[in-house]
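> Now for the letters of each chain:
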Amino acid sequence: MAREYFAVKFTFSRRPAPLPPDLRPMWRVSILLLILQHCRSHRSSLQRLHVLNWAMRSIEGQQEFKDLLAGQLSPSDIIVRYEPALIQAIDFALGGILVRRVGGDKLELTEKGAKLAVKLMEDQWTLSPEKAFLQEVRPQIAENRIRQIVYRRGE
Amino acid sequence: MALRIRVLQIRIETPDGRYGTQIVFENGLCILRAPNTSGKSTCLQAMVYALGLEGMLSASHEVPLPQAVTDALDDGTSHIVLESSVLLEIENHEGLRMTVKRSIKGPGDRRLITVWEGPALSDPSESIRQQDYYVRIGRAATSAAGFHTKLAQFLGWTLPIVAKYDGGEAPLYLECIFPLIFVEQKKGWTVLPARFPQYLGLRDVAKRGVEFLLALDAYRISFTRQQLREQLTSIRASWKAHVEQLSDLASSVNAVVQNVPLEPTAAWPPTIAPSLQVPTGQSWVPVATVLVRRRETLNELMTESLPRIADIAAQTEAELEALQNTLAEQEFVLQRAAFDDLQTEQNQSESIVQRLAALNDDLRRYQDTKRLLDFGSQHAVEIATGFCPTCHQSIADSLLPQDGLQQVMTVEENIAFIKAQIEVFSAMQTENLRLVNARVAQVEALRTEVSDIRERIRNLRATLVADARLPSIAALQERIALEQQIQSGERALDTFDTLLLRLGEASELWRQVQAELASLPEGDLSPNDQEKLSVLQDSFRDQLREYGLSSTSPTALSISHDTYKPIHEGFDIEFNNSASDLIRTIWAYLTGLVEVLRLFATNHPGLLILDEPRQQSTARESFGTFLRRLARARKLNEQVIVATSEESPILEGLLSGETFQYINFDGKILSRLS
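Same order as they appear, the protein sequences are chains A and B. Residue 31 in this note's numbering sits at position 31 of the first sequence; the count goes up by one each step and never skips. Residue 433 in this note's numbering sits at position 278 of the second sequence; the count goes up by one each step and never skips.
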């Protein structure tokens with residue numbers, strides 16, 4: 001009896017899967033460009049990129065980061081995630097010659113990347129919460145300060 | 156609805172005597188011929204100025220007339236202008252005459268127009284009432300002292316109120332109608348169908364002008380439709396306000412509202428009558444039923460006299476014990492309702508809110524991503540086009556490890572996916588809110604019940620320890636409480652009925668407005684409008700055929716039912732190569748507007764004033780055909796004034812056999828008056 005049920009021919013078709021927006025390469029590369037644009041000399045250590053990338057992935061992340069800067073959160077509460085997706089995004093950006101490596105562990109915007117970043121900043125319709133966040137924290141994200149506050153080093 | 160120019164007089168006072176001119180115009184085609192720069196345009200512009208219409212030519216408040224009437228007149232020697240003014244006698248459809256005078260230079264206020272209600276120029280002997288009106292200041296078109304109010308009245312025009320760009324409203328100013336009647340020489344022939352003043356801030360000014368001259372129903376229809384839609388919005392707002400009052404009322408008696416539609420409906424009353432329901436135990440009962448029960452209980456109690464304590468001590472003790480048990484049970488039920496059922500729903504509600512916020516944020520990020528991809532491809536960023544920047548092979552649009560990756564949705568698919576989820580969660584939210592409201596009502600009802608039981612227990616205890624000869628406190632309290640509950644229930648039901656009545660009224664209004672909306676024609680054009688436009692189109696094409704339109708076939712041109720402008724196979728007409736075809740089209744359109752008047756009642760005054768219509772070296776034959784067509788105006792009692800500098804013999808040749816008024820000047824028109 002049961003065998004008859006299995007005599008039906010099954011077909012499987014692949015359905016594309018949804019993806020969180022922050023895993024789209026173009027979104028993340030744009031965020032990377034914006035972060036670098038807000039750094040001194042358009043240059044940043046990988047370490048700092050990871051911190052800011054983690055902060056920018058979600059609204060809660062942004063709020064936690066701001067609390068951390070304001071000293072309202074103990075650094076031990078925060079686990080900075082080293083996210084493989086960022087490394088992938090950096091690879092894409094390197095490949096597209098939007099950023100280049102400087103020294104061992106630093107990245108900076110290329111001319112092409114800087115141009116695109118300016119263009120992104122000028123367009124008032126896109127990424128406005130992200131831009132607002134960067135503008136707000138900009139004075140407090142010097143390399144040293146990030147090291148002190150997040151990694152508790154150099155004190 | 157008619158306007159005829161009868162007499163034009165320009166007066167210029169110089170130290171060397173009075174200069175100027177007086178021209179009398181008849182019906183039909185009037186040709187005002189004079190060589191170039193001899194004052195033709197001055198005469199025509201003086202008419203415009205006399206009627207306070209110079210705002211149709213420019214926003215400036217300067218006098219739009221040449222030096223000859225403002226500074227110095229030159230007829231070989233220069234004569235300084237001391238004072239000057241223009242007078243114009245006009246006639247309307249009832250044969251009434253009106254004469255206006257406006258100062259050009261001199262001590263008089265140029266914003267003043269003096270009006271004589273009669274033929275002050277052609278019959279100066281008559282003594283006529285005279286009054287001053289204002290032009291070119293605020294409210295000159297609306298106040299009784301405004302000249303344009305006066306002029307519109309004289310023409311028999313009721314000006315429609317139209318929308319302005321700033322959100323306000325204004326009458327369709329005369330300056331926005333006359334460009335279809337008077338064409339000025341310098342800039343008038345550059346725009347099809349006419350050059351309308353935009354600085355006055357009226358929306359769709361060209362459309363409104365044509366609509367008014369043709370007396371189309373379209374404006375009234377679209378205006379009515381707009382008003383009806385606004386009415387619907389306000390009914391919806393008051394409906395929502397009433398529904399809100401209903402639910403406030405319901406919560407004041409621990410009830411919920413049933414069967415009241417949240418949006419306005421024409422189907423009233425609803426099939427299942429709206430009611431206020433209160434929870435009793437696990438089921439819901441209408442407030443009205445509860446009231447009936449309470450009244451019965453109270454009536455029963457009232458038939459008995461108040462029992463004395465001594466008589467009911469044993470009974471009271473038993474009741475007290477039973478009530479204490481009930482209290483314990485009900486407190487448990489309340490606990491469960493408040494902390495389990497309600498809390499669960501509220502938690503659910505919170506998580507829906509969070510989920511919706513996250514979804515909306517995702518949606519925004521995806522919409523950003525879409526724009527970013529555009530930027531990326533504009534800036535030659537390869538990942539924006541789905542290729543690896545290093546090996547140039549196609550890659551999945553994802554930051555997850557590329558190998559073994561499941562196929563991901565495109566950005567568009569993902570946006571649609573998120574939107575679908577938002578829809579589902581929004582629906583859940585509505586449903587959840589409804590549930591929470593019901594649960595809150597249930598909990599409140601339970602709380603009241605528990606406190607009522609406590610109260611009764613207190614009363615029973617008080618009864619047991621009181622003097623045995625006194626009436627039972629518990630029995631007394633019970634009666635008072637019942638009465639209070641009945642009163643507040645009755646009040647609530649009264650208010651409920653009143654509100655339902657209001658909803659009924661709103662529903663009736665909603666039905667009426669919907670019906671009115673449905674009765675409007677589908678587009679804005681009434682059948683009559685469509686006929687008028689088709690007559691205009693026939694006349695327009697017929698003329699263009701006669702005038703020898705060269706760049707396209709006249710049958711390819713039509714009159715748009717949206718803008719009433721001529722269009723070419725559904726697009727704006729462009730005469731890139733043929734300026735003379737533009738001129739022909741303007742001739743045909745403006746003349747066509749007059750010709751519609753011959754078949755339909757319109758607002759067109761049956762007057763055209765054209766300054767040098769032969770522009771852009773239009774072929775002479777075309778011009779001749781045009782003039783002969785205009786000459787028909789005489790039989791139909793219309794008036795067309797054409798100023799031209801064509802030579803006399805040529806004009807005679809072009810118009811041989813036609814009847815027209817010929818006003819010829821071989822020298823300057825403004826000359827010394829005797």
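These are calculated hints, taken from the structure and not from any lab test. Idealized CB from N, CA, C, for every residue including glycine. A few of these clues could be false.
[Claimed, not checked] SDA-like, lysine to any residue: derived pairs with alpha carbons at most 20 Å apart: (1) K525(B) / A513(B); (2) K574(B) / H534(B); (3) K119(A) / Q37(A); (4) K525(B) / A7(A); (5) K112(A) / H547(B); (6) K112(A) / A513(B); (7) K112(A) / G541(B); (8) K341(B) / A734(B); (9) K119(A) / H534(B); (10) K119(A) / S532(B).
[As the list claims (entries may be wrong)] So the derived label-pair ranges between C-beta atoms look like this: (11) A142(A) / E324(B): 52 to 60 Å; (12) A535(B) / T11(A): 37 to 45 Å; (13) Q561(B) / Q124(A): 32 to 40 Å; (14) Q498(B) / A142(A): 46 to 54 Å; (15) S606(B) / Q63(A): 25 to 33 Å; (16) Q382(B) / T11(A): 53 to 61 Å; (17) Q498(B) / A17(A): 32 to 40 Å; (18) A711(B) / E111(A): 49 to 57 Å; (19) Q669(B) / P84(A): 54 to 62 Å.
[Claimed, not checked] Derived coverage of chain A by chain B (criterion: at least 3 residues anywhere in the stretch with Cβ under 8 Å from a Cβ of chain B; other residues may be distant): (20) 28 to 39; (21) 95 to 108; (22) 121 to 128.
> Against each hint, give a clear statement of whether it holds in the structure.
Hint-by-hint comparison with the structure:
1. K525(B) / A513(B): Status holds; Cα separation ~18 Å.
2. K574(B) / H534(B): Cα-Cα ~29 Å, so violated.
3. K119(A) / Q37(A): Roughly 11 Å between the alpha carbons, so the hint for K119(A) and Q37(A) holds.
4. K525(B) / A7(A): Judged against 20 Å, a Cα distance of about 46 Å means the pair is violated.
5. K112(A) / H547(B): holds (18 Å)
6. K112(A) / A513(B): violated (33 Å)
7. K112(A) / G541(B): holds (19 Å)
8. K341(B) / A734(B): The given pair, whose Cα atoms are some 14 Å apart, holds under the 20 Å limit.
9. K119(A) / H534(B): Measuring from Cα to Cα gives roughly 10 Å; hence the hint holds.
10. K119(A) / S532(B): The hint holds at about 13 Å.
11. A142(A) / E324(B): 52 to 60 Å: holds (58 Å)
12. A535(B) / T11(A): 37 to 45 Å: Holds, at about 41 Å.
13. Q561(B) / Q124(A): 32 to 40 Å: holds (36 Å)
14. Q498(B) / A142(A): 46 to 54 Å: holds (47 Å)
15. S606(B) / Q63(A): 25 to 33 Å: Violated - the Cβ-Cβ distance for S606(B) and Q63(A), about 43 Å, lies outside 25 to 33 Å.
16. Q382(B) / T11(A): 53 to 61 Å: holds (58 Å)
17. Q498(B) / A17(A): 32 to 40 Å: This hint holds: roughly 35 Å between Cβ atoms.
18. A711(B) / E111(A): 49 to 57 Å: Distance hint for A711(B), E111(A) holds at roughly 53 Å.
19. Q669(B) / P84(A): 54 to 62 Å: Given a distance of about 59 Å, which is inside 54 to 62 Å, the answer is holds.
20. 28 to 39: holds (count 3)
21. 95 to 108: Since 4 is at least three, the answer is holds.
22. 121 to 128: holds (count 4)
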